[in-house]
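The chain contents come next:
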Amino acid sequence: MAELTYRDAVSRGIAQELANDPSVVFLGEDVAGAGGVFKATTGLLEAFGPKRVRDAPISEQAILGAAMGAAMTGLRPIAEIMFSDFLAVCWDIVANEIAKSRYMTAGQMSFPLVVRTANGGGSRFGAQHSQSVENWAMAVPGLKVVAPSTAVDTIGLLAAAVRDPDPVIFFEHKSCYPMKFDVPDHGGDIVDELGTAKVVREGTDVTIVALALMVHRALDAAERLAGEGISAEVIDVRSLVPLDTATILSSVAKTSRLYTVEENPRLCGWGAEIASIAAEEAFWDLDGPVVRITTPHVPLPAADSLEDATIPSADRIFETIAKSARN
Amino acid sequence: MTTMPSYEEYGNHDPVLPDPLDTTNAELPIDLETRLDLYRLQQEIRLFEKRAYDLFLRGLVKGTSHLSLGQEAIAAGFGAAMRPDDWTFATYRGHAHTLARGVPMTPVLAELLGRANGLLGGKGGSMHLTSVEHGVMGSYAIIGAHLCVANGAAWTAQYNETGQVAVAFFGDGTTNIGAFHEAVNFAKVWNLPTVFVCENNLYMEYTSIGHVSPVANPAADRAAAYGLDSIVVDGNDADAVYSVATTALDRARNGGGPSLIEAKTYRHGGHSRADPGKYRPEEEVAAWMDRDPIPMYHQRLLALGVDESRLSTIATETAAAVETATQEATDGPLPDLASIYTDVWADGGWQWRN
Chain A
0 MAELTYRDAV SRGIAQELAN DPSVVFLGED VAGAGGVFKA TTGLLEAFGP KRVRDAPISE
60 QAILGAAMGA AMTGLRPIAE IMFSDFLAVC WDIVANEIAK SRYMTAGQMS FPLVVRTANG
120 GGSRFGAQHS QSVENWAMAV PGLKVVAPST AVDTIGLLAA AVRDPDPVIF FEHKSCYPMK
180 FDVPDHGGDI VDELGTAKVV REGTDVTIVA LALMVHRALD AAERLAGEGI SAEVIDVRSL
240 VPLDTATILS SVAKTSRLYT VEENPRLCGW GAEIASIAAE EAFWDLDGPV VRITTPHVPL
300 PAADSLEDAT IPSADRIFET IAKSARN
Chain B
0 MTTMPSYEEY GNHDPVLPDP LDTTNAELPI DLETRLDLYR LQQEIRLFEK RAYDLFLRGL
60 VKGTSHLSLG QEAIAAGFGA AMRPDDWTFA TYRGHAHTLA RGVPMTPVLA ELLGRANGLL
120 GGKGGSMHLT SVEHGVMGSY AIIGAHLCVA NGAAWTAQYN ETGQVAVAFF GDGTTNIGAF
180 HEAVNFAKVW NLPTVFVCEN NLYMEYTSIG HVSPVANPAA DRAAAYGLDS IVVDGNDADA
240 VYSVATTALD RARNGGGPSL IEAKTYRHGG HSRADPGKYR PEEEVAAWMD RDPIPMYHQR
300 LLALGVDESR LSTIATETAA AVETATQEAT DGPLPDLASI YTDVWADGGW QWRN
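Residue numbers (numbering that gives the first Met the number 0), protein chains in the order written: chain A, 0 to 326; chain B, 0 to 353.
Accuracy of the hints is not assured; some may be wrong.
Claimed, not checked - Quick list of in silico lysine-lysine cross-link-like pairs, DSSO-like style, CA-CA up to 30 Å:
#, chain 1, residue 1, chain 2, residue 2
1, B, K187, A, K99
2, A, K38, A, K179
3, B, K61, A, K99
4, B, K49, B, K277
5, B, K187, A, K50
6, A, K99, A, K179
7, A, K197, A, K253
8, A, K50, A, K38
9, A, K197, A, K50
10, B, K49, A, K38
11, A, K197, A, K179
12, A, K50, A, K99
As the list claims (entries may be wrong) - One-sided excerpt, in silico: chain A residues whose CB lies under 7 Å from chain B:
#, residue
13, E96
14, R101
15, M103
16, A138
17, G141
It is worth saying that the hints were derived from the structure and are not from the lab. From a predicted model like this one, the values you see are computed outputs, not experimental measurements. Backbone N, C-alpha and C define an ideal beta-carbon position, used for all residues, glycine too.
Generate the whole structure from the sequences, applying the supplied hints.
Okay, structure coming up:
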């Protein structure tokens, strides 16, 4: 095992795919010469040259339009949108064009492309550079939606996304970039599978379903819950579309209690869909109400004290579950 | 003190009249067979669009419909000039550009009618005509986006060094949306083989383009901002369009980068559906109807020595083709309801969970 940051896993994943397939290309703002605003793409220009790793102007519609047009004509582009909040300025290309064009053309076109973007809070950037918008993407038919929590998942799921024939919105978490993880150093490609959740801690009393940064906070909370005699199973959803409901529902069948931990603001967050599925399909397995632990339905504040109290913390997850599971 | 611009009563703006016809276009070096192709393409679009309008009024074309009546010379000029492997990106007003690449009439008309034998099996409709095998890479119903998408196809051509060109058609109204400016700038800085073709029919939907643009030529006058030449062409003269298209396509094919072309033209009808276009000054409508591209081109071909019988044969054959397409489209079955659940994903299905 070698130690790798989540940040370096991004560039390693892109490099792996550029090396694997000459039709893979990479574009975005400040991604080539500057190595990315989060330094998650350093070294790619030097390794693969300006034909395949290309800087673009601050033109999100032009960037994603180029990715779409390139994908429909045979390339496999990876496009970076610097902050996921900026998806709002190119949402027409994402939601109206990329997502729908295969369907509208009765399958004449394919869009094997990946939109990578830095998502989530914790950086004190305020309401326009900190949002968790994975639920926006999840709401649009025709998009696959992925959000890794570790370095090895970042490499493996990015590879799976690049090799997938459909468009994938790939949410990297800003607060995960500096985290270090063990990554196999066998030298071969790391390729994972979309649509697969992962049980990252086994337990028998409650099921906690989380995504990206919230997986780490859920694991912290689970450790403390163990001290209270509550055995928590933690599931990293990893992929919102396709959604691995089988792994989630089989855990609920075992524990009979379900909690979601979501960084997105409350209304129509991804956990609401999981709660709805559990209510329809696992009602008789449940021993108590499904509880959603989310960012409240407010824009994110900038100050560290305010932001920390807004996004679900390990404390809040622990306290919510400890209180409700005792009932 | 700042003041609002003076308000001119809606529909009472000064008429914008066509420039005098450039008779030297008859002398452009275009061979006669190409000119006959241009004539046939214009006739096909004209008669098809008239039939589409009739079927709309009869309630057979549902939803909406945006016609290119009066604007046929632009689609025809480019269609004849493009290489078979070049790519067309059209707008919701895209029947003309689709037909001009050789897509047969029946599936296009059947798509307008929502039938299973439609080009898209009824899943796209009038505003999304696409035929990848003919290089028609989609019709896009939200203005601006497809200029960005065309750049992506052009990028593939540049990357693979194939010499292909992406051509994006759009209306004058598009020049005021951000995606237009992003796309033209991007194409220039990446030196992409994209040709942007503004069909300036003088109206953004129901409003005079002069009322919402600070420059007389909404595309050409913006070209300099992106380091491009200002190109204005008579969009009602197929020879002029063909000539400008050939130059721009060759330039793009040979690494010379993008072009932005503004073709002046006029809608014979309204923006969409049954819009009578009453917001247009009568004098203006009359002057442009006198510049109908098809009778003008008919006269030019006669002057160049083509037999009237040859032209009337083309007209007769085209009318017969429209009749056949109408019959085949109206005979088409309704789509299978199972198709609602196909082609969301590349595996053909729609599953989002296990």
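Checked hints:
For the suggested pair K187/B and K99/A, the alpha carbons sit about 28 Å apart, so the restraint of at most 30 Å is met. Among the hinted pairs, K38/A with K179/A is consistent with the structure: their alpha-carbon atoms are about 15 Å apart, no more than 30 Å. Restraint check: the Cα-Cα separation between K61/B and K99/A comes to about 20 Å, which is no more than 30 Å; the hinted pair holds. A C-alpha spacing of about 19 Å is found between K49/B and K277/B, which places the hinted pair at or below 30 Å, so the restraint holds.
Of the supplied pair hints, the one linking K187/B and K50/A holds, its CA atoms being roughly 16 Å apart against a limit of 30 Å. The straight-line distance between the Cα atoms of K99/A and K179/A is roughly 38 Å, outside the 30 Å bound, and the hint therefore fails. Distance hint between K197/A and K253/A is fulfilled; the C-alpha atoms sit about 16 Å from each other, no more than 30 Å. For a cut-off of 30 Å, the pair hint linking K50/A to K38/A stands: about 20 Å separates their Cα positions.
Distance check on the hinted pair: K197/A and K50/A sit about 37 Å apart at the alpha-carbon level, beyond 30 Å; violated. Straight-line distance between C-alpha atoms of K49/B and K38/A comes to about 58 Å, which puts the hinted pair past the 30 Å bound. At most 30 Å may separate the alpha-carbon atoms for a hinted pair to count; K197/A and K179/A meet this at roughly 19 Å. At most 30 Å may separate the alpha-carbon atoms for a hinted pair to count; K50/A and K99/A meet this at roughly 29 Å.
With a least beta-carbon distance of about 5 Å to chain B, the hint placing E96/A at the interface is held under the 7 Å criterion. The criterion of a C-beta within 7 Å of any C-beta in chain B is met by R101/A, whose closest approach is roughly 6 Å, and the hint holds. For M103/A, the interface hint holds, since its Cβ comes within 7 Å of a Cβ in chain B; the closest pair sits about 4 Å apart. The criterion of a C-beta within 7 Å of any C-beta in chain B is not met by A138/A, whose closest approach is roughly 11 Å, and the hint is violated.
Interface restraint check: G141/A against chain B, minimum CB-CB distance 6 Å, threshold 7 Å, status holds.
The structure fails to meet hints 6, 9, 10 and 16 from the earlier list, while all remaining hints are met.
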